[in-house]
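Start from the sequences and build out the full structure, keeping to the hints where you can.
Protein chains: 2
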Amino acid sequence: MSCKWNQRKVRDMDFFVEFSPITIQPQEIELKSFEMIEEEIGNHSFSEEQFPIVKRVIHTTADFELGRSLRFHPEAVKAGIFAIRQGKKIVTDVEMVKAGIHQSRITHFGGQIICHIRDEDIVKEAKEQNITRSILAMQKATSQIEGGIFAIGNAPTALLELIRLVKLGKAKPDLIIGVPVGFVSAKEAKEELQKLDVPYITNQGRKGGSPVAAAIVNALSLMAQQVNRDENE
Amino acid sequence: MSCKWNQRKVRDMDFFVEFSPITIQPQEIELKSFEMIEEEIGNHSFSEEQFPIVKRVIHTTADFELGRSLRFHPEAVKAGIFAIRQGKKIVTDVEMVKAGIHQSRITHFGGQIICHIRDEDIVKEAKEQNITRSILAMQKATSQIEGGIFAIGNAPTALLELIRLVKLGKAKPDLIIGVPVGFVSAKEAKEELQKLDVPYITNQGRKGGSPVAAAIVNALSLMAQQVNRDENE
Chain A
1 MSCKWNQRKV RDMDFFVEFS PITIQPQEIE LKSFEMIEEE IGNHSFSEEQ
51 FPIVKRVIHT TADFELGRSL RFHPEAVKAG IFAIRQGKKI VTDVEMVKAG
101 IHQSRITHFG GQIICHIRDE DIVKEAKEQN ITRSILAMQK ATSQIEGGIF
151 AIGNAPTALL ELIRLVKLGK AKPDLIIGVP VGFVSAKEAK EELQKLDVPY
201 ITNQGRKGGS PVAAAIVNAL SLMAQQVNRD ENE
Chain B
1 MSCKWNQRKV RDMDFFVEFS PITIQPQEIE LKSFEMIEEE IGNHSFSEEQ
51 FPIVKRVIHT TADFELGRSL RFHPEAVKAG IFAIRQGKKI VTDVEMVKAG
101 IHQSRITHFG GQIICHIRDE DIVKEAKEQN ITRSILAMQK ATSQIEGGIF
151 AIGNAPTALL ELIRLVKLGK AKPDLIIGVP VGFVSAKEAK EELQKLDVPY
201 ITNQGRKGGS PVAAAIVNAL SLMAQQVNRD ENE
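Chains as they are written, first to last, in the working numbering: chain A, 1 to 233; chain B, 1 to 233.
With a straight-line Cα cutoff of 25 Å, these simulated DSS-like cross-link-like pairs (lysine-lysine) come out:
| no. | chain 1 | residue 1 | chain 2 | residue 2 |
| --- | --- | --- | --- | --- |
| 1 | A | LYS55 | B | LYS187 |
| 2 | B | LYS172 | B | LYS89 |
| 3 | B | LYS55 | B | LYS32 |
| 4 | B | LYS78 | B | LYS172 |
| 5 | B | LYS170 | B | LYS195 |
| 6 | B | LYS32 | A | LYS187 |
| 7 | A | LYS187 | B | LYS55 |
| 8 | A | LYS127 | B | LYS32 |
| 9 | B | LYS187 | B | LYS172 |
| 10 | A | LYS187 | A | LYS55 |
| 11 | A | LYS32 | B | LYS127 |
| 12 | A | LYS187 | A | LYS170 |
| 13 | B | LYS187 | B | LYS55 |
| 14 | A | LYS195 | A | LYS167 |
| 15 | B | LYS170 | B | LYS89 |
| 16 | B | LYS187 | A | LYS32 |
Chain B side only, calculated, beta carbon under 10 Å to chain A, not exhaustive:
| no. | residue |
| --- | --- |
| 17 | GLN25 |
| 18 | GLN27 |
| 19 | GLU28 |
| 20 | GLU30 |
| 21 | LYS32 |
| 22 | GLU35 |
| 23 | MET36 |
| 24 | ILE37 |
| 25 | VAL94 |
| 26 | LYS98 |
| 27 | ASN130 |
| 28 | GLY182 |
| 29 | ALA186 |
| 30 | SER210 |
Read the hints as simulated data drawn from the structure, not as lab findings.
Don't be surprised by glycine CBs; every beta carbon is placed ideally from N, CA and C.
Dropping the structure here:
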């Protein structure tokens with residue numbers, strides 16, 4: 001194949017000479033990163049099934065404090081893997097979380113990633129009510145699907161609304177990944193989440209974010225894939 | 001308009017009762033967040049034009065350390081605002097950065113947000129060469145556009161390749177936003193960037209990320225919009 005934009009192969013293009021020594025093989029970069037994380041993280045009390053998720057969050061953020069602040073409902077990891085393997089839908093609060101999720105590992109099991117934040121009806125209604133689109137997007141999603149994984153990386157109001165719907169019996173997610181970021185209500189929303197008797201993965205404090213939510217889904221889908229491999233061996 | 005999923009208005013739905021007092025008006029949340037950031041950041045040496053960018057990065061990450069680690073080429077803010085107002089293209093390394101950018105403030109000036117990471121030719125070529133798609137995506141983008149803003153939030157190899165292309169005279173971006181995250185080469189790539197005589201916004205250390213890159217673009221586009229308002233007054 002001839003690529004107009006790629007007139008000479010990268011390997012011929014002095015990338016190594018310019019930035020030697022530099023790792024440019026994707027698998028090698030990831031492997032080396034995870035080795036560094038394991039070396040630097042020190043003592044922790046995460047279980048064997050939780051630790052891959054913690055490591056992937058640190059890999060995504062380069063933030064050990066954030067990784068160590070993760071908190072897991074005892075059933076969370078199993079519930080997440082099971083839901084992915086059942087092809088359950090994954091609902092995100094914002095497009096950035098959706099963009100960060102490794103799609104083919106979800107669709108492989110029949111799953112689908114859904115985000116309503118930019119839906120026309122949501123945008124219109126939020127303006128009319130002068131509330132966040134996130135609240136309305138959560139209402140729409142929970143009214144349309146059973147169970148599923150909710151991955152909230154941005155909006156504390158999305159998480160608060162989801163918690164409220166769970167308490168009202170209007171939503172029953174298989175897993176809530178609640179890692180919104182911010183100064184207003186993020187910390188408080190995550191504390192509320194930890195009072196629920198629904199599988200959750202969250203963290204303590206203000207930090208979090210879309211890459212964190214996506215990284216948690218990605219760690220779970222890797223584990224879901226791994227179960228397959230183990231069964232086939 | 002009747003919304004099937006929204007059978008009762010949120011304001012009737014005890015959101016306030018459940019989580020009182022809670023702010024759910026988007027403008028109020030943002031205003032309150034920025035007040036908290038200004039209160040907590042303490043002394044700093046950022047200029048008046050740089051500080052809105054620093055604040056927006058902290059707003060996005062809830063990470064003061066990350067905000068304070070930002071570094072600016074002296075011409076960076078002016079160059080960024082000018083490029084947006086000229087409708088120059090914005091190239092992102094990954095879809096997550098693209099998803100995080102406030103689109104209408106870019107398209108308003110005739111701009112466009114471009115990301116080649118999922119292009120078929122890139123995926124194929126990266127597999128063949130066993131290198132990151134990011135490297136090839138940067139080659140493709142720089143061969144197709146003049147100037148532009150490059151916003152790199154994820155892949156250190158994207159930033160290193162862009163730096164190399166600049167040194168070779170094959171790329172001449174109006175502004176490089178270089179805030180990749182990670183353990184392998186991220187810190188080093190950002191140090192290389194600061195040696196260039198091209199307007200850049202970057203940060204020191206391993207941290208960074210797609211929301212940071214998007215937040216910087218969004219802060220710049222807000223300022224670009226503000227220039228318009230000031231001129232019309």
